[in-house]
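Asks: The listed protein sequences derive, respectively, from chains A, B and C. Every letter in the first sequence is one number past the one before it in full-length UniProt numbering, and letter 174, counting from 1, is 174. Every letter in the second sequence is one number past the one before it in full-length UniProt numbering, and letter 5, counting from 1, is 5. Every letter in the third sequence is one number past the one before it in full-length UniProt numbering, and letter 255, counting from 1, is 255.
A couple of the hints might just be wrong.
Here are the simulated DSS-like pairs of lysine-lysine, each with C-alpha atoms no more than 30 Å apart in a straight line [as the list claims (entries may be wrong)]:
1. A:LYS196 to A:LYS262
2. B:LYS134 to A:LYS341
3. A:LYS96 to C:LYS194
4. B:LYS62 to A:LYS299
5. C:LYS59 to A:LYS445
6. C:LYS8 to B:LYS107
7. B:LYS11 to C:LYS8
8. C:LYS59 to A:LYS412
9. B:LYS67 to A:LYS83
10. C:LYS59 to A:LYS150
11. B:LYS69 to A:LYS96
12. A:LYS54 to B:LYS134
13. A:LYS406 to C:LYS259
14. B:LYS134 to C:LYS259
15. C:LYS259 to A:LYS244
16. C:LYS59 to A:LYS128
17. A:LYS128 to C:LYS259
18. C:LYS259 to A:LYS416
19. B:LYS62 to A:LYS74
20. A:LYS128 to A:LYS398
21. C:LYS103 to B:LYS12
Think of the hints as simulated: they come from the structure by calculation, not from any bench. Keep in mind that this is a model prediction, so the values were computed, not measured.
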Amino acid sequence: MYNVRPRITRVLSMIMISALMIPLVSGCTKGETATNKGQSTQPDTQQEQKEEKKDPVTLKFPIWSTITEDLFTKLDLVNEYKKEHPNVTIELELLKDTEYENTMKIRNAANELPDILPLKSAWLINFKDNIVPLDDLDAAKNNIFAADFKVDDHIYGVPESQFNEFVWYHKSIFKEYGIEIPQTWGEFVAAAKTIKDGGKYIPIAMGGKDGWPNYPFNEFMPSLVANDGDYWSTMATKDEPFTKGEAFYDAYVKIQELYDAKVMGPDPLGVGFDQSKLMFGSNQAAMIALGQWFGSDLKSMTDVDMNDIGAFLLPVRNSVDDPFNTISMVDTFFSIPKSSKYPDEAKEFINWFFSDAWYSKYMTEAQLQSTMKDVKIDLGTMFDGAFDVSNLNYVLNKGGNEDYKKIETAIKFDVKKMGQDMMAGKDFNKMMQDMNKSWKNARSK
Amino acid sequence: MTTNRLANPIKKFALYLILLMICMIIFIPLLITLFASFKTSMQIGSEFALKLPESFNFNNYKVVLEKGKFLQGLGNSLFLIAVSVIINSLLGTMTAYAINRFDFRLKKIILGLFLAGMIMPGMITEISRFTIIKNLGLYNSIWAPIVIYAATNLVQLYIYTQFINGIPKELDESAMLDGSSYFKVFTKMIFPLLLPATATLAIIKAVDVMNDMYIPYLYMPSSTLRTLTTTLMYFSSSKFGSWDYLSAAIILVMLPTLVIYLIFSKYIFKGIVAGAVKG
Amino acid sequence: MKTISMQKNILLFGFLLIPVLLLLMFVLYPLIELVRISFTDWNGMAAQQVYIGFDNYIKMFTDSSDVWLSLRNNGIYFIFHLIMIPLELAIAVLLDSKIRASKFFKSIIFMPYIINGVAISYIFAFFYSPINGGLNGILEALGLESLIQNWLTNDSIVNISLVFVSIWRFSGFHVILFLAGLQSIPQDQFESAKIDGANSIQNFWYIIVPGIKKVLEVILFLNIVGALQVFDIPYIMTQGGPGHASSTFTLYTLETAFKFNSFGMASAMGITMLILIIILNGVQNRLFNLKGVGEE
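In isolation and in its complexed conformation, chain A is listed as follows (with noise of 0.2 Å):
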């Protein structure tokens, strides 16, 4: 044994010697491109000299998607904001998105929160106490929905983009059924019957395994039947929101109406949101329940025909005499944690991103409505008439106040987890009856 070690030292220090060479090499080259780029500011007008005396600052800030990423790649957002702003870098963290939450709360507990922290509407309470109040703000003061999504009668974060839930449609395949666009919950559950007795096609394409799709059921729903966007907080007033005439119930008993339908494949949760996705893309299955940002998702995958492609809103009234309750989602809340040593860039920096120097431009790319009072984004012709239904009302989502999140930490509630027991044919009235009892008693403590 011992004659082949010279052989092997002398391997592995070759391979060590040269991995710890490639970091070197390719640093150098990263420090002439810096000094490059240093060089080439400099013959610029006097005023922007002025400036680049500042300190130099660089800013942290994270995206959970990868989809934003390649916008602010194609856009350039780093060096569009360091012209106006030379001594501002900004350095973008990709995260992953399944993970973003409990990374931002390792991090908090380390005081190492990023400078710029975009958020969704339900962990504003959670993260309340680490980031600043934004009330003086012109992007907040100018913004639709800041002001909605208080806590504790402040303006915690500037929310980026508004989006409708939708329900995306082969044209090409409801054609061939004869199925006209749903105005009711009734008409949408037979249009998915209907495909279904045609044998050819997976009337909705859902990935049941990863949970959070059928978020525009489980989620969304109790809040569109009760007309309430606010209805976890509502819930959380109530011993027995579970019971018959509450409109999480009714709601539900919806959802288990389209689930025993068997309108989603042979094994809807045995199928992840990627290869739903694939179902949907390649005709398999007619149709897909999913917010906005499904489309900027359809047009990066290939041999989609998105001429076929449509949407509509989902249904959820029983006729069409009654209101048209539409969920309005308002996403990526931008707020600035106390810990930031530049507050004072971070909010020059939230200014820039909703000025006319960019947001229009950014928003128009990622196809997604304004929040901004005076900006208009056009959608091309995508959503074309899906928005000509009936008593048309928009339901301002939100993600429930601090009685309901006690409510749901000692109880564990998770609709998505419910939405998955359904599909998996539980026993409906028992799963109801348990919730009432552990709802109330939660409430009791």
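Given the coordinates of chain A, assemble chains B and C onto it according to the supplied hints.
Replies: Using the frame of chain A, we list chains B and C on its own:
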């Protein structure tokens, strides 16, 4: 053990049949992934998974290589591996030598801490670990994972102590009689004699570091510090993942470890045989 | 002599300083914090932490049945891996006999262990998929359509499917360890046994088993730690679903900590897990009359 036991040709046939079946069980899932990496998302969605791809379509690989900044990731991974392996072999051999050859107070406690490090519930203690790394000023630098990888490694310590156990104490003593110091005994004798074990452990450590995703992800989020494995994550995010790219990324992430493994597998087995189990 | 003992002290200090510092920072401190937080109601975010005594430890087992379900699932991993151990040993014995291409087979069998664990979970998520998944496709091709299952969503099958992935990943490693144990048995023992007229069963009990005792110890220890801490396979492949059917104790702990903001409770769960590992390892070593890892 004994050749004559296999004289019976039926037995022999059965034996090879079992081994071949095991190989098939190991290979089939990998083959499916390999095939998928050459298919378009539509083909993956509609064809039999074990159907050979119609052509070697490298489009998925192209996208993954470009978007994932794979070469940068590979560079970072190799750097991490090189430094971790060096630090770990030094610390590992030194600790094992001190623990195996000397008696001192605290020895039991140190061993206990190594054991505790192995069975500690990782993710829940992450907040404490993160605080430490931050206070050391290592957050968002490539040294954060290196320090963490160096911190505890019970299996490594175990293998090294087993190995040192196999080196007769009389050798130390005669060297000492010749005037060597303990330090010299370690550098001139123990460390070189441990090299076969070091080779094995280095390869295992290299594979571990290469495959670790969570620590680099959490401790160095800067986009210039992505490793090979964190790029895999880039293609698997829940909303934007798709099978065509993900399978190409999986194959690309697997390749370097497989190459390391196939070149050095001889030493892995030798090291394990020579050290792990003499006791 | 004086110089020698001083030399010894200097060497011990020099050699152990860094490892001990690292242990203090990355093992002892987190452990103390874990114990401390387990007695508070900390939510992971708030500045204040109220001490609430043993509440977390009591609530953990009384509040929800999911914790028992999760522990049962850990048990499934443990038992199946335990059942695999004799099979792994048998394969090692096969490989140890002088067969052709044994090196080739050895390399293949060890290979899953060196593949990225996250990648393996994705590979199998696809393998089990109900839509064009590999496994159902193969069953169909073999004319065994009746065996087609919802591998990851049927409550009563999902854990078995996941355990198989775990076995796929780790069994090869165990085989190689056993093989190493077998090869460290001196050949002359078999020869003298042959002279004494021992049969292969006697060989097995009186030579092989004692020869691999050390390896067995290691594998049993790794099995306990692995089975109780299993996390990434269910996390990536099912997120513990459907419902909590394939959740494991670690997965449940993480959910408690991060999704439901109960760090105090999660820490109590972490401590419980530590104690479980220690107890189980002790029981197992008693049972098999082994010395155990770490008890040098």
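Asks: May I ask which of the numbered hints given earlier this structure violates, with the numbers listed in increasing order?
Replies: 3, 7 and 10
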